[in-house]
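Chemist: Given only the sequences and the hints, what does the whole structure look like? Please build it.
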Amino acid sequence: MVRRSRTLFALAGVIVLFSVLTAPTKSGKIPAPLLSGAKIDAGALAIIQRSCQDCHSDRTRYPWYSYVFPVSWLVGSDVRGGRRHLDLSRWNESSLTRRERSLSEIANQVKDRDMPLPQYLWIHGNAKLSDEDVRAIFQWTQAERARLIAENGQATGPQP
1 MVRRSRTLFA LAGVIVLFSV LTAPTKSGKI PAPLLSGAKI DAGALAIIQR
51 SCQDCHSDRT RYPWYSYVFP VSWLVGSDVR GGRRHLDLSR WNESSLTRRE
101 RSLSEIANQV KDRDMPLPQY LWIHGNAKLS DEDVRAIFQW TQAERARLIA
151 ENGQATGPQP
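Residue numbers (our numbering): 1 to 160.
A couple of the hints might just be wrong.
What the hints assert, rightly or not - Okay, derived cross-link-like pairs now, DSS-like style, lysine-lysine, Cα gap no bigger than 27 Å in a straight line: (1) Lys111 <-> Lys128; (2) Lys128 <-> Lys39; (3) Lys39 <-> Lys111.
To be verified - Label pairs and their calculated CB-CB ranges: (4) Gln142 <-> Ser94: 14 to 22 Å; (5) Arg147 <-> Tyr67: 36 to 44 Å; (6) Arg90 <-> Arg61: 16 to 24 Å; (7) Trp73 <-> Gly37: 29 to 37 Å; (8) Arg80 <-> Asp112: 18 to 26 Å; (9) Pro63 <-> Ser94: 47 to 55 Å; (10) Leu45 <-> Glu151: 51 to 59 Å; (11) Val71 <-> Asp41: 45 to 53 Å; (12) Pro70 <-> Gly37: 34 to 42 Å.
What the hints contain is simulated information worked out from the structure, not anything from laboratory work. All C-beta atoms in this analysis are idealised placements derived from N, C-alpha and C, irrespective of residue type, glycine included.
Modeler: Here you go:
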């Protein structure tokens with residue numbers, strides 16, 4: 001009986017240790033503004049903040065469960081992958097071609113309901129996009145793409 005309780009205690013200690021060692025890291029620096037340099041109305045920006053910024057910016061809000069092993073690995077991996085694919089905090093640092101392509105991808109992903117990811121919506125129900133939200137984001141992507149083309153000349157990326 002004593003041996004079993006020691007084993008359970010040791011196992012609990014290992015789990016706690018992994019939880020601490022695998023917690024998501026925060027940089028400590030002030031996050032960059034979302035979509036810096038883009039023209040976006042307050043409504044569309046609020047939708048993007050609610051539904052996109054946790055995975056696609058430096059403004060990730062880590063929930064309590066993201067500090068628990070092994071969930072911390074999954075959350076960290078998803079956030080790194082999301083930022084690698086599209087980082088809304090680095091919008092103005094992206095090339096014109098990349099911004100045009102990103103706008104087309106945003107429009108298509110949202111229109112097809114591929115984003116936000118279904119597994120994200122299981123826990124973050126408030127991130128779900130209504131039909132009105134989809135229209136607002138789609139209209140913004142089209143207007144922003146047209147603005148970029150007007151300011152910089154010919155379109156360089158695919159059209160949604």
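Chemist: Each hint: holds or not?
Modeler: Status of the hints after comparison with the structure:
no.	hint	in the structure
1	Lys111 <-> Lys128	13 Å, holds
2	Lys128 <-> Lys39	23 Å, holds
3	Lys39 <-> Lys111	20 Å, holds
4	Gln142 <-> Ser94: 14 to 22 Å	18 Å, holds
5	Arg147 <-> Tyr67: 36 to 44 Å	41 Å, holds
6	Arg90 <-> Arg61: 16 to 24 Å	18 Å, holds
7	Trp73 <-> Gly37: 29 to 37 Å	34 Å, holds
8	Arg80 <-> Asp112: 18 to 26 Å	24 Å, holds
9	Pro63 <-> Ser94: 47 to 55 Å	28 Å, violated
10	Leu45 <-> Glu151: 51 to 59 Å	20 Å, violated
11	Val71 <-> Asp41: 45 to 53 Å	35 Å, violated
12	Pro70 <-> Gly37: 34 to 42 Å	38 Å, holds
Against the hints set out earlier in the document, violations occur for numbers 9, 10 and 11.
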